[in-house]
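Visitor: One letter stands for each residue in the lines below.
Protein chains: 4
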Amino acid sequence: MSTNLKGYCLPLSPEGRAPVVDPPPWHYGGDVLQVVFKPDPKEAARVLPKPLEPHPDGLALLWFVEWTSVSDLNPDLAYVNPERSQYKECLVAVQCRYKGEEGFTVPYIWVDNDFTLIRGWIQGFPKKLARVYMTRHHPLNPKLGPLRPGVKLKGVLEAHGERLAEASLELVEEGRVEDLPRPRFFLLRHFPSIDNPTRPAVLELVRSVVENLRFRGVWKCRAELRFYPSRFEELDALRPIEVVGGHFFSLGMTIKGGVVLEHLA
Amino acid sequence: MSTNLKGYCLPLSPEGRAPVVDPPPWHYGGDVLQVVFKPDPKEAARVLPKPLEPHPDGLALLWFVEWTSVSDLNPDLAYVNPERSQYKECLVAVQCRYKGEEGFTVPYIWVDNDFTLIRGWIQGFPKKLARVYMTRHHPLNPKLGPLRPGVKLKGVLEAHGERLAEASLELVEEGRVEDLPRPRFFLLRHFPSIDNPTRPAVLELVRSVVENLRFRGVWKCRAELRFYPSRFEELDALRPIEVVGGHFFSLGMTIKGGVVLEHLA
Amino acid sequence: MSTNLKGYCLPLSPEGRAPVVDPPPWHYGGDVLQVVFKPDPKEAARVLPKPLEPHPDGLALLWFVEWTSVSDLNPDLAYVNPERSQYKECLVAVQCRYKGEEGFTVPYIWVDNDFTLIRGWIQGFPKKLARVYMTRHHPLNPKLGPLRPGVKLKGVLEAHGERLAEASLELVEEGRVEDLPRPRFFLLRHFPSIDNPTRPAVLELVRSVVENLRFRGVWKCRAELRFYPSRFEELDALRPIEVVGGHFFSLGMTIKGGVVLEHLA
Amino acid sequence: MSTNLKGYCLPLSPEGRAPVVDPPPWHYGGDVLQVVFKPDPKEAARVLPKPLEPHPDGLALLWFVEWTSVSDLNPDLAYVNPERSQYKECLVAVQCRYKGEEGFTVPYIWVDNDFTLIRGWIQGFPKKLARVYMTRHHPLNPKLGPLRPGVKLKGVLEAHGERLAEASLELVEEGRVEDLPRPRFFLLRHFPSIDNPTRPAVLELVRSVVENLRFRGVWKCRAELRFYPSRFEELDALRPIEVVGGHFFSLGMTIKGGVVLEHLA
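Protein chains in written order, with this note's numbering: chain A, 48 to 312; chain B, 48 to 312; chain C, 48 to 312; chain D, 48 to 312.
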């Protein structure tokens, strides 16, 4: 780096302890409430950044996730300070194609802490802050018992004093990993210039590099999904025309970084 | 009730939907980081409300817990709105005796939401608000793997801009349910009068009525525990002279309410 | 007090530093967004606890307030730790009569911290936790300038992931203190028993004892008010049939405590 | 912009409503607790990014600020949704020189919401999230009265469960605008690459373009300042060797953007 200070990102500092995010690889373990749905194809097409193209299947995913994340640099972060390592997230992923390759892009995504917000922007996940609530179905609660058909789970997203999304799942039967849409992300990295609001300093189409992807405890679910309007959001334009289904599962993965497919600016 | 409004507690309302807490029974499932320690016996004795007496073993427990709770009235609360059903808690329990019977009292306890704070006051748990952080060791995180000897867990308590407590555990070996101190609570219910600050409207010694107590996944741990001073707290007077050990475990239980042992006012 | 521990309320402690609230008198300074409105008279009557009776004028107030509060015991609390002394609040007050005397009762009220929540319950304000947002119109902001006719102010209340209320004010002209409804509160103190959910330990009708009431900077406003439905609230039953007007003002006051008018249990 | 989506920053969207920040100009009004101090000159020099050089006076500023901010694009934001327009901030500014020109750089800064965090990164303010508490001395509180000599004010900064900074001021006498250090900022814009952690995509030295700077209500204060250590911060390396003084004042300003002085990567 061309400065005397240390760090993967701001705030650079003399000892390199202050930056809000460690460099990749980043390692994740999480529990996911997933709704698979079809938005209005015209609205889905509108959120795809050129040169991404719509996918004929027209699917979208809504995820509520509770994550524990660490890095190679600080693999014990979940112990050293859990607050720096754990967060909840809500994202909508829209199916797309890039030069014939299938994948998803993420137009809207919310989290509840700073390290994950900035780590998102670095990758092209356009994270904003919110309150994210998810059912933690504790099997020892005498009224809840173990996960089994009939158990219901909910995810709620609220930001700037407004409920934005609500996903409702009911476990039907154990599912198979093969049923899960594979998250393969084509993302838009964007960072403004400070001296020209119309010409960004960074504008890149990137593909996430994900390894060690493992799933466990997959449940197939009935699902309902609701988006709410807000002056500060456009999420509800992607409201479901059809809900295909839902899943509850755990996953682990490593994000090594990303590959820049195209410089768009 | 002698009023036209409905509800177990405030705010009473025409339909009975507004009260912040449902009546008991209340059902809980949670994951616990526990440190067993010995505070200064003189300080432990000072926090016991008459007529509770010190216990010769002089033990105390520090618990960090992540709970999912529901009631008979709203057994599906964890689904209907997770935010109304889930919370984190940190408490210190001090060994004591009541008329020869062994148990614990809880002088200090913090939670992160209103329904559990009020439900605590109703039972004699003197809950205040705080931020509570606990390691969620996700087994699918490629850097974390399954719970096993050597895994480290942390609990951090912060309130009014100050860290108050930090518990650090390292899993040593699977433990036995029999090793766990049985939480049997003698609590002080107290509610002020509005017209006489020196004479409370409620002052009762109560014993919690707990049923359906089940433990699972008990781990014996090495433990460290630190309390920090604050102008607004007296927790650090109970700082450990000796740490006996730690445990990580899950539990479920039902609280039916309490038995009033003595009216003290 | 009949115990060895010290404090006005829980948690009682050896030195008396731990209790979440100091005894009265309590001293307040705050800025208020007020909407004066008429709910459905049948719904207004339903929220009045016996023996309070409806007032023929049928008015109600919606207040958003940002408070700084201290006590005689800790008059420097706003300096020692601002977090223990400052909070935002949203309340609805409904006009009523008690034995011919005019006043207001407060069926629903939300705050954003523990000390004020418990202090409310002690007085008969049935406070719950929420996020409260209010316009702080800073006169030095080059786009805002000083308070003057045309300036707009907003209050937003959100709890458990749902927006509950929104008040919108537009300053019309300087107002007079005489235009302001005098808040004279008849409140219901209620605290459950732990051994009998149907018979509360405390059930009292009280009148607040307020002194040193001063108003300043009164503005008369156009106002709009919206309540939103929620499964966990009944606020929207009091939605305005007619909005009479609004005010923005600052006030200061001392609450000495309350007078118990009747024991209702 | 080279994409079909609209917006000054992420998340770009079809209608341009979703981005977390509007483009400049941005307009601010705020109340500031300021401590002027001298850190260890060696530590101050260490935080200056090349090519910034130390200033012989060796001063630093600690600011606690409560801001109301809007943009040209949404000048009514403080009314439309106060939560999107208001925040608290804590920053440390270190005196420096750039090619002989005097100014300050900001190595560390914390805020409590997303729009201001991202707006900071865009300008070169390396913002992280925190809880910021500041005394709001309300003149109508019967125990507080108007601002006058002897009034005490406090700022407290807490992040990831640890108190990081505490500023204590006591008003001495009315001050003069001329006494205030002029904040002229030389900032480091930095944004990582996604495909090479060692070579940032953006590394620029910028100078903020600030207009409409106005001060009001300046008070000269006695001051104390304390920084606390943290594994995740290096703020306490800048702890005061000498506290020169403090001020309390209000200010307004417009930030038009910034001028890129040098590309450093």
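Keep in mind that the hints were calculated from the coordinates and are not lab data. Check the hints yourself; a few may be wrong.
It does not matter which identical chain is meant; a pair holds if it fits inside one copy or across any two.
What the hints assert, rightly or not - List time: in silico DSSO-like cross-link candidates among lysine-lysine, alpha-carbon distance up to 27 Å: (1) Lys199 x Lys89; (2) Lys303 x Lys85; (3) Lys267 x Lys97; (4) Lys303 x Lys267; (5) Lys199 x Lys97; (6) Lys303 x Lys97; (7) Lys267 x Lys199; (8) Lys85 x Lys53; (9) Lys199 x Lys146.
Visitor: Now tell me if each hint is right for this structure.
Guide: Results of checking the hints against the structure:
{"no.": "1", "hint": "Lys199 x Lys89", "result": "neither (32 Å within a copy, 37 Å between copies)"}
{"no.": "2", "hint": "Lys303 x Lys85", "result": "neither (30 Å within a copy, 42 Å between copies)"}
{"no.": "3", "hint": "Lys267 x Lys97", "result": "neither (34 Å within a copy, 52 Å between copies)"}
{"no.": "4", "hint": "Lys303 x Lys267", "result": "neither (29 Å within a copy, 35 Å between copies)"}
{"no.": "5", "hint": "Lys199 x Lys97", "result": "neither (39 Å within a copy, 40 Å between copies)"}
{"no.": "6", "hint": "Lys303 x Lys97", "result": "within (24 Å within a copy, 30 Å between copies)"}
{"no.": "7", "hint": "Lys267 x Lys199", "result": "within (12 Å within a copy, 33 Å between copies)"}
{"no.": "8", "hint": "Lys85 x Lys53", "result": "between (45 Å within a copy, 23 Å between copies)"}
{"no.": "9", "hint": "Lys199 x Lys146", "result": "neither (40 Å within a copy, 46 Å between copies)"}
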